[in-house]
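Position chain B against the provided structure of chain A, taking the given hints into account.
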Amino acid sequence: EVQLVESGGGLVQPGRSLKLSCLASGFTFSNYGMNWIRQAPGKGLEWVASISSSSSYIYYADTVKGRFTISRDNAKNTLYLQMTSLRSEDTALYYCARRYLDYWGQGVMVTVSS
Amino acid sequence: DVVMTQTPVSLPVSLGGQASISCRSSQSLVHSNGNTYLHWYLQKPGQSPQLLIYRVSNRFSGVPDRFSGSGSGTDFTLKISRVEPEDLGDYYCLQSTHFPYTFGAGTKLELK
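So the protein lines, in turn, are chains A and B. Mapping the first sequence onto the numbering used here, position 21 (from 1) lands on 21, and the numbers just tick up by one. Mapping the second sequence onto the numbering used here, position 37 (from 1) lands on 1037, and the numbers just tick up by one.
Everything labelled a hint here was simulated from the structure, so no lab data went into it. Computed from a predicted model, the values in this text were never measured in an experiment. Hints are not guaranteed to be accurate.
Unchecked claim - The calculated lysine-lysine pairs, modelled on BS3-like cross-linking and capped at a C-alpha distance of 30 Å, are:
id	chain 1	residue 1	chain 2	residue 2
1	A	Lys43	B	Lys1079
2	A	Lys19	A	Lys43
3	A	Lys76	A	Lys19
4	B	Lys1108	A	Lys43
5	A	Lys19	B	Lys1044
Pulled out of the complex, with its shape left as it was, chain A reads as follows (with noise of 0.2 Å):
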């Protein structure tokens, strides 16, 4: 079975910074390109980033560029979200999703807020 579970979300400052990981299991990792993806409390859902099996191609929506870095660690079975410089339009529950987007994760709440 397909699993995929995100961590790491929470309460930020503006400006600060968090790491997301999205915890995999059921199949082979290493194989599939993975995504994030978020959604705002009571919106429609966003694309954010997305990574080959190999980390050698990397897109990022431009609301994110410069300032979230999408990674993996195929040993470890994990994908990571580096979010930096956060703006309170970035409170957003956070999904990750596997690489043709059919399996995603239960989401992880990130409330940017001072």
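Chain B alone, transformed into the frame defined by chain A:
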């Protein structure tokens, strides 16, 4: 960026009835490899989005045949026949042909 225009915003339905949701893209979603990466998701309250239809018309594992997808190029439709209570929620289309991936704004399927 590809803009996904999803309609309607709200769709009241009766149980056992039919529903149809439209998604139009601002440019063709046909990839250079010939595939069209247009997908449909249902998000039930308090849950993660779940994949219903991938690449226009393919039902994901475990999705009942009451759900069907169609379309091509820039114009796509999700149809739900014989609506059941578990079908209620927010529906989203997603294009993953072009980066950045973009979602439609969503359609809330609710009881009439």
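Structure-based check of each hint:
1. A:Lys43 to B:Lys1079: Cα-Cα ~23 Å, so holds.
2. A:Lys19 to A:Lys43: Roughly 23 Å separates the two Cα atoms, so the pair holds.
3. A:Lys76 to A:Lys19: 16 Å, holds
4. B:Lys1108 to A:Lys43: 12 Å, holds
5. A:Lys19 to B:Lys1044: Distance ~27 Å between Lys19 of chain A and Lys1044 of chain B Cα, so the pair holds.
The structure fails none of the hints (numbered hints given earlier).
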